[in-house]
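Trainee: Here's the letter readout for the chains.
There are 2 protein chains.
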Amino acid sequence: MEKMIPFNKPFLAGKELEYIQDSVVSGKISGDGLYTKKCHNFFSDVYLFKKALLTTSCTDALEMAAILIDIKPGDEVIMPSYTFVSTANAFVLRGAVIKFVDSKKEHPGMDESLIETLITPKTKAIVPVHYAGVACDMDAIMDLAKKYDLYVIEDAAQAIDSFYTGKDGLKRRLGSIGHLAAFSFHETKNIISGEGGLLVVNDEKFIARSEIIREKGTNRSSFFRGEVDKYGWVDIGSSFLPSDIIAAFLFAQLENMKLIQDKRKAIWAFYWEQLKGLNAQIPFIPDYATNNAHMFYLVLEDVDVRYNFINYLKDRGVHSVFHYQSLHKSAYYSTNYSGENLVYSDKYTDALVRLPLHPSISLEERTLITQVIKDFFNTFS
Amino acid sequence: MEKMIPFNKPFLAGKELEYIQDSVVSGKISGDGLYTKKCHNFFSDVYLFKKALLTTSCTDALEMAAILIDIKPGDEVIMPSYTFVSTANAFVLRGAVIKFVDSKKEHPGMDESLIETLITPKTKAIVPVHYAGVACDMDAIMDLAKKYDLYVIEDAAQAIDSFYTGKDGLKRRLGSIGHLAAFSFHETKNIISGEGGLLVVNDEKFIARSEIIREKGTNRSSFFRGEVDKYGWVDIGSSFLPSDIIAAFLFAQLENMKLIQDKRKAIWAFYWEQLKGLNAQIPFIPDYATNNAHMFYLVLEDVDVRYNFINYLKDRGVHSVFHYQSLHKSAYYSTNYSGENLVYSDKYTDALVRLPLHPSISLEERTLITQVIKDFFNTFS
Numbered sequence: 001m002e003k004m005i006p007f008n009k010p011f012l013a014g015k016e017l018e019y020i021q022d023s024v025v026s027g028k029i030s031g032d033g034l035y036t037k038k039c040h041n042f043f044s045d046v047y048l049f050k051k052a053l054l055t056t057s058c059t060d061a062l063e064m065a066a067i068l069i070d071i072k073p074g075d076e077v078i079m080p081s082y083t084f085v086s087t088a089n090a091f092v093l094r095g096a097v098i099k100f101v102d103s104k105k106e107h108p109g110m111d112e113s114l115i116e117t118l119i120t121p122k123t124k125a126i127v128p129v130h131y132a133g134v135a136c137d138m139d140a141i142m143d144l145a146k147k148y149d150l151y152v153i154e155d156a157a158q159a160i161d162s163f164y165t166g167k168d169g170l171k172r173r174l175g176s177i178g179h180l181a182a183f184s185f186h187e188t189k190n191i192i193s194g195e196g197g198l199l200v201v202n203d204e205k206f207i208a209r210s211e212i213i214r215e216k217g218t219n220r221s222s223f224f225r226g227e228v229d230k231y232g233w234v235d236i237g238s239s240f241l242p243s244d245i246i247a248a249f250l251f252a253q254l255e256n257m258k259l260i261q262d263k264r265k266a267i268w269a270f271y272w273e274q275l276k277g278l279n280a281q282i283p284f285i286p287d288y289a290t291n292n293a294h295m296f297y298l299v300l301e302d303v304d305v306r307y308n309f310i311n312y313l314k315d316r317g318v319h320s321v322f323h324y325q326s327l328h329k330s331a332y333y334s335t336n337y338s339g340e341n342l343v344y345s346d347k348y349t350d351a352l353v354r355l356p357l358h359p360s361i362s363l364e365e366r367t368l369i370t371q372v373i374k375d376f377f378n379t380f381s
Numbered sequence: 001m002e003k004m005i006p007f008n009k010p011f012l013a014g015k016e017l018e019y020i021q022d023s024v025v026s027g028k029i030s031g032d033g034l035y036t037k038k039c040h041n042f043f044s045d046v047y048l049f050k051k052a053l054l055t056t057s058c059t060d061a062l063e064m065a066a067i068l069i070d071i072k073p074g075d076e077v078i079m080p081s082y083t084f085v086s087t088a089n090a091f092v093l094r095g096a097v098i099k100f101v102d103s104k105k106e107h108p109g110m111d112e113s114l115i116e117t118l119i120t121p122k123t124k125a126i127v128p129v130h131y132a133g134v135a136c137d138m139d140a141i142m143d144l145a146k147k148y149d150l151y152v153i154e155d156a157a158q159a160i161d162s163f164y165t166g167k168d169g170l171k172r173r174l175g176s177i178g179h180l181a182a183f184s185f186h187e188t189k190n191i192i193s194g195e196g197g198l199l200v201v202n203d204e205k206f207i208a209r210s211e212i213i214r215e216k217g218t219n220r221s222s223f224f225r226g227e228v229d230k231y232g233w234v235d236i237g238s239s240f241l242p243s244d245i246i247a248a249f250l251f252a253q254l255e256n257m258k259l260i261q262d263k264r265k266a267i268w269a270f271y272w273e274q275l276k277g278l279n280a281q282i283p284f285i286p287d288y289a290t291n292n293a294h295m296f297y298l299v300l301e302d303v304d305v306r307y308n309f310i311n312y313l314k315d316r317g318v319h320s321v322f323h324y325q326s327l328h329k330s331a332y333y334s335t336n337y338s339g340e341n342l343v344y345s346d347k348y349t350d351a352l353v354r355l356p357l358h359p360s361i362s363l364e365e366r367t368l369i370t371q372v373i374k375d376f377f378n379t380f381s
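Top line first, the protein sequences correspond to chains A and B.
Counting from 1, one number per residue, gives the positions in the first sequence under the numbering used here.
Counting from 1, one number per residue, gives the positions in the second sequence under the numbering used here.
Just chain A, same shape as in the assembly (with noise of 0.2 angstroms):
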């Protein structure tokens, strides 16, 4: 058989070795190096975050968002059911208490016409998803923030240089708007460290203590700017700071974000103008949010027409994937699930489905697959 073409590969943008020479060059290849300080430069001078660290991953920037507002037992958090288990995992840790919100119809984000209900005196935040880097509708979420004073979280994992315009028509970067968000730079993202995330701090007051908990709980960060004499032990924490390897090669990445996007979008546009036309759910851009082709991906009729498909494009040479299960119905979660069917939810888990997308799809490729998919809608619709 030919070889399949990978739903994933990672793309090397160009300099990312180079970087890596250097960065061990340099004498310090731990966390906060030369190429960490680069990129917390990029997020602040090119991104505009008032404060942005990386992490060792996403989960650990909703990890430190979850200690940073104070997670205790028992507190609430509300966020959509279809997402990575991450997303809840950060705040269970901490002894929260998870509230489900269902999807849409048009889209796998959550339906932030169901949330306000779920609120009670003991909700603390909101977590509002980004799938596939399609904004939520963050107006609507920051209002009931306002409303009932909780705080928002952005999981941002796949939303790197997309945006959202909200009501007053102003443009904003994903990532911005809630008092902390969440990137992650995994392997499948579109900007890759292969493990790697970033937090984002919006709301100054939590400023202090992200350098801490992410130093294991010291005022290193403090010391090494000659604010105190000696660092200790002040609070909690973890080794939320990747290694300067990982930071050197992102830093190649975040450099060549134009390179990237341009070759993401134009497959994703290509997707878009071939598969437009078949009678399947395909993604879905509202006014107020813009694409970063983070993600294309189909909702067919069920389940079974699933795993047909997938194994028909896999026969064929092309390796597709079906995405998240609903967290309320998991076997760690299911147990303490008293809320509404999520059937949306549940509808995404059964029937959606992921095309391959990174930069190096060539047109041949990106042909053959569309081709094989409307052979598979030709043939069995």
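Keep in mind that a hint or two might mislead.
Distance condition first, Cα-Cα at most 16 angstroms in a straight line; then the derived EDC-like pairs of lysine to aspartate or glutamate [to be verified]:
#1 B/Lys230 to A/Asp346
#2 A/Lys329 to B/Asp346
#3 B/Lys51 to B/Asp203
#4 A/Lys230 to B/Asp346
#5 B/Lys230 to A/Asp350
#6 B/Lys37 to B/Glu255
#7 B/Lys15 to A/Glu18
#8 A/Lys15 to B/Asp203
#9 B/Lys9 to A/Asp22
#10 A/Lys9 to B/Glu255
#11 B/Lys37 to B/Asp22
#12 A/Lys3 to A/Glu365
#13 B/Lys230 to A/Asp304
#14 A/Lys105 to A/Asp350
Computed from the model, here is a short list of chain A residues facing chain B with C-beta under 8 angstroms [unchecked claim]:
#15 Ile20
#16 Lys216
#17 Lys230
#18 Val234
Just so you know, these hints were derived from the structure itself, not from any lab.
Just so you know, these numbers come straight off a predicted model, no measurement behind them.
For glycine and all other residues, C-beta sits at the position ideal for the given N, C-alpha and C.
Dock chain B against chain A, hints included.
Mentor: Just chain B now, kept in the frame of chain A:
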């Protein structure tokens, strides 16, 4: 002024960059890729660890251990006060109360004879720290664990390639003796990946759950072995696995352990030979322990002498550094501490200083270092 001899300098063993490139070409640079497997195989085939799992840091390996032994709020954990904050924080994050033990007069490791008085019905674990890679008396500790039904988690952060010989005459690798153990590959350790760690599972009952906790509380490892047909959320957990880029770097180091260790041991032996006649405490290796040349330190008269010593060396081009602050006196924990004075822990806090020790220190440099130290003692003693 001439260039400083740094306290630490990352050492490239040879194939680090080649392996990183190879990892990228393999098509998978997230966790548990090609080089993670090679590292795991090294630890199972060469080190004969029952189960070894790379983590993003030693801190994270300790956090996995705390979750595995199911630490609950109020559980007590016994450890030295003279250790890194992560030894304690990993357990405090799960709600543990820490009972601190003093160091020994002749060595910064904890005084095993003081442990039993701290054991209560709430005690769940003992965490011996093999300071400077020198073994704690593990027979004494394992006997107590057996007597009181406690877990032992070896903090082997500094203890790669080091051994303990027990009453039975068998020479055992550090990290293979407790129920669980944690190693560090931080750039200041013998074997490095910038940031990085390893959890060792010696008690088989923890193996299955260790894989789940490390994979964000999912049964993903079972899924990839074909044991379940989809994977989902089954437990708490985090993203404890490092990028394969880190594993690729690490594997190049592990392959060259002998080269690295020979270089370090030669420098350590030189220090020993040159400095053993000084009027200062130098490393002590008990009969039951080996020396892995992780660290060469001096214990000076007091904090003022150490201050002068560090500056004297700095003015002459040598970077020496102090080490831990007693955790029982930290800003974070001192108000919780009602135990004894820990005089040796405080002594090492004030008076221990570490000399540069990394494979690339030349003969000229080590000669300079020891000469400057002798000059200091001749001038001020």
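Trainee: For each hint, tell me whether it holds in the structure or not.
Mentor: Now the hints, each set against the structure:
1. B/Lys230 to A/Asp346: Cα-Cα ~15 angstroms, so holds.
2. A/Lys329 to B/Asp346: Not OK: lysine 329 of chain A and aspartate 346 of chain B at ~52 angstroms, beyond 16 angstroms, violated.
3. B/Lys51 to B/Asp203: holds, 9 angstroms
4. A/Lys230 to B/Asp346: holds, 15 angstroms
5. B/Lys230 to A/Asp350: Roughly 12 angstroms separates the two Cα atoms, so the pair holds.
6. B/Lys37 to B/Glu255: Given pair lysine 37 of chain B, glutamate 255 of chain B holds - Cα atoms ~14 angstroms apart, limit 16 angstroms.
7. B/Lys15 to A/Glu18: Distance ~14 angstroms between lysine 15 of chain B and glutamate 18 of chain A Cα, so the pair holds.
8. A/Lys15 to B/Asp203: violated, 44 angstroms
9. B/Lys9 to A/Asp22: holds, 13 angstroms
10. A/Lys9 to B/Glu255: Between lysine 9 of chain A and glutamate 255 of chain B the Cα gap is close to 27 angstroms, so the pair fails against 16 angstroms, i.e. violated.
11. B/Lys37 to B/Asp22: holds, 14 angstroms
12. A/Lys3 to A/Glu365: Answer holds: lysine 3 of chain A to glutamate 365 of chain A is near 11 angstroms, not above 16 angstroms.
13. B/Lys230 to A/Asp304: At roughly 15 angstroms apart (the allowed maximum being 16 angstroms), aspartate 304 of chain A and lysine 230 of chain B satisfy the hint.
14. A/Lys105 to A/Asp350: Status holds; Cα separation ~14 angstroms.
15. Ile20: Interface hint status for isoleucine 20 of chain A: holds (6 angstroms vs cutoff 8 angstroms).
16. Lys216: Holds, because the Cβ-Cβ distance from lysine 216 of chain A to chain B comes to roughly 5 angstroms (cut-off 8 angstroms).
17. Lys230: holds, 7 angstroms
18. Val234: Since the shortest Cβ distance to chain B is 5 angstroms, the answer is holds.
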